[in-house]
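*Asks:* Here are the chains, one letter per residue:
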Amino acid sequence: MLEFIRASLTYLIRRYKAQAGISQKQSALRVLLHYLITGRRRGLLLLPKGKFFSANRSLGIHFSFPTTRDGEAGKKSETTAISAIVRNEVRALAKLDPSVLSMGREQFDKAPIFFSDDVWGNSGFFPVETAKLLMSEFDSVVVVPHFVIGGADKYTAALVSALTDFNKRVLVVATLQESFIPGNIAGTVLEGYGKATLRTWASINSAMELREDYLARFLHALSPREIFVINSELGLDMLVKFGTALSNKSKIYTYFFSMDTDTFIAQYGVRYARILPKQIEIASDNQVTISKLRNFDATNRIFHCIPAPVEIPHEETYATKIETRRTRDKTKKIIWISRVEKFKGTEILSNLADELEEYEFHVFGPLQTESRRSLGLRKRNIVYKGEKHISQIDFSLYDCFIFTSLFEGNPNVVLEVACEAIPIVSTDVGSLSTQFSSNQVHFVPLNSDPRTVAAGFRDAIVKLEKLDSSQSEEYLISLFQNVNRNNSTEVFHEGLKRMIH
Amino acid sequence: MRLSILLTFNSEGSYVFATQKALLRMIEKLPQNFDHEVLVALDRADEFTTQEVKKRFGQQATVFVTNFGNPGEARNFLVDKSKGEFISILDGDDLWSDNWLACALEMAVLSPGKIFHPEIAFYFYESDIDLPFARGASPFSKSHFVVHQANGMSNSEHMTKVVNFWTAHCLASKSIFKAIPYKPNNRILALGIEDWSWNIATIGRGIEHESVPNTVHCIRVKRQGSLNALNNSEGTLPWLE
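Going down the list, the sequences are from chains A and B.
Under our numbering, the first residue of the first sequence carries the number 1, and numbering increases by one thereafter.
Under our numbering, the first residue of the second sequence carries the number 1001, and numbering increases by one thereafter.
Be a bit skeptical, because a hint or two may be false.
What the hints assert, rightly or not - Computed list of chain B residues with no C-beta within reach of chain A, every gap over 12 Å:
1. G1058
2. V1079
3. T1236
What the hints assert, rightly or not - In silico SDA-like cross-links for lysine to any residue, where the CA-CA straight-line distance does not exceed 25 Å:
4. K332/A / A319/A
5. K332/A / Q287/A
6. K132/A / I1207/B
7. K249/A / E1241/B
8. K1142/B / I85/A
Claimed, not checked - Which residues of chain A face chain B? A few of them, derived with a C-beta cut under 10 Å, are:
9. L33
10. Y35
11. D97
12. S102
13. L246
14. L356
15. Y359
Calculated directly from the structure, the hints in this document are not laboratory data.
By construction, the Cβ of each residue, glycine as well, lies at the ideal position given by its N, Cα and C atoms.
Build the full structure now, drawing on both the sequences and the hints.
*Replies:* This is how it looks when you write it as structure tokens:
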């Protein structure tokens, strides 16, 4: 019985998708939302009219989803929208060309009626919101999947902040986020978005199907000076097809932060970089990714490397942090900051905790879907400290910061921690070793055996312990100068200006 | 006063017969005091279409063989060749109610600054024939009506850039077509869609589009060779100016 109900519901949803022009890939929830938002207004019936019939010597049931305009206030009803004159003329024309009535005379009398100005129902746009945005003028449009998720979004927020600092009017469109309410967790928005106009694509686009042509039309109509597409699959699909047309009015940039294939999914650069029209310029926050992209580019495309900005403390503040470290004893405490998931090297951390039993490891970062137990982090000397902003952590309590990640572009957290006057031991991941020398960041080579990598971390930490304070301070100052030179807001602004001007 | 009726053909083949008959029905309804001319462009037309057009239209139309490869430029060419004060643009594989030209002309004479379109478009899918049906009806058939209404939305300069409210079929003063010619398709720039671009350009100049009550335009939706599908697959967008 349950199987019968499930099959019936699946059938109804499939039929509704076909009737409403929704992709068969969309979830049942989105179909229900479509019906509530758009389908009812268009007069689509979620529950079909069923009729039994016999045909070809068998009995069957035939469902139809009649379309009526009756529910729509202010619009003509079906009976008056098409006059008898018009219906008779179509029938007369069918005498010249019978294919006019391919649908059959009986069906013709019930043919669906749409209104060309029913932008909401037929054309995939919420008219009021769309018109309001089209009447505004934007210099830059940034297309992202979400307002806030991870490191790439921090970079995007910095980009948006810089553009608004350049006095540009910026629109940020989130293509996957359904809604956001400032104040709740899902609606949390990074500070950098402050002066920009934020919209979800769902608030502009009434079609439940994520269609690249609708996004292209919208951006084309806006014709901003610059379009940035960052990690939005819909945006990238749109650029593949409509990038050439859009580049007539706008300069278009897309960012790829990594070309890794060792993760749960290959990065977007692997999939899109070679198929984007050549007018689209590609940027990254790190040189390693740019080199890989250049290697397989055959279009003479323009590439830009603009490292991520971090908040650089004043030199005196940094000197005070070093002074604090000089005056206190070793604490035998080590700090680890990242999303708590296996791709961030939790297995290495677990093995290292076994190797250095006398140390306490404090873990900061958001938990993901895996439990700490399954990640091997339920240990006597591993303490989970929750999610905290770096500015809220007292780094002087720790002997060193370890970064065990297995894949990265140019990890933001390492750049931020580099401003906290604490020695860093990290896997040789992403582009870190192209920016930092082995004295500034103590690198551990990655391999497939977490125990070997953990042993490398152990050796590096023991070596750090043996450094005298003047040598240690020299390394920390050199680390700070490196970040100051490459990752200040000023350097980021200069790089961005060079790219867009 | 004269009405110039402009048609473009490319690969319509045997559809030419019905088109010519529908055109004759419309011409019969034209007011007596109006002269008319029919100008046809065979734009990179295939051999069969060329033969058919010459056979069916030879007596009543001036036929030009052109090599533009897109309907916009072919229409501009015909506009230049036309002698009428009013022009009607028609597609070679569609059909129209017999009152279309007469009613539209009547309104255009009264409002020469506007562009007129049929009120109703009936999109007929030949593929509807093949569908399974019961009791004379199929839930899968796609043929449908679209009602065109002139209002703030369909004449909005902003919204017409994201939605093409009006079909290519229209009737207006020649001066409008001369002032705002159709833009050619440019595959390198991926810009084109001549009718949408023209609607954007005209609405942008403040020229209102209006529908003519009780007129219908039957648009053939083919399984293959649809210009809309081609434009979408090639990533073409309309010209904005």
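*Asks:* When you check the alpha-carbon spacing of K332/A and A319/A, does it fall within 25 Å?
*Replies:* Distance ~23 Å between K332/A and A319/A Cα, so the pair holds.
*Asks:* According to the definition I'm using, a residue is off the interface if its beta carbon is farther than 12 Å from all beta carbons of the partner; does G1058/B meet that for chain A?
*Replies:* 19 Å, holds
*Asks:* At a threshold of 10 Å, is the proposed contact between L246/A and chain B supported by beta-carbon distances?
*Replies:* 7 Å, holds
*Asks:* Next pair to validate is K132/A with I1207/B; report whether the Cα-Cα distance is within 25 Å.
*Replies:* 22 Å, holds
*Asks:* Need the status of pair K1142/B, I85/A: alpha-carbon distance at most 25 Å?
*Replies:* The hint holds at about 22 Å.
*Asks:* Take a quick look at V1079/B and tell me if its Cβ sits farther than 12 Å from every Cβ on chain A, holds or violated.
*Replies:* For V1079/B, whose nearest Cβ neighbour in chain A is about 25 Å away, the distance exceeds 12 Å, so it holds.
*Asks:* Minimum Cβ distance from Y359/A to chain B below 10 Å?
*Replies:* Where the cut-off is 10 Å and the nearest Cβ of chain B is about 57 Å from Y359/A, the hint is violated.
*Asks:* Could you let me know if the closest chain A CB is still more than 12 Å away from the CB of T1236/B?
*Replies:* 6 Å, violated
*Asks:* With a cut-off of 10 Å, does the beta carbon of L33/A approach a beta carbon of chain B closely enough for the hint to hold?
*Replies:* Violated. Min distance 22 Å.
*Asks:* Verify the interface restraint on D97/A: the C-beta must sit less than 10 Å from at least one C-beta of chain B.
*Replies:* 4 Å, holds
*Asks:* Between K249/A and E1241/B, does the CA-CA distance stay at or below 25 Å?
*Replies:* OK: K249/A and E1241/B at ~11 Å, within 25 Å.
*Asks:* Could you check if L356/A really has its C-beta closer than 10 Å to a C-beta on chain B?
*Replies:* 57 Å, violated
This entry does not satisfy hints 3, 5, 9, 10, 14 and 15, going by the numbered hints stated previously.
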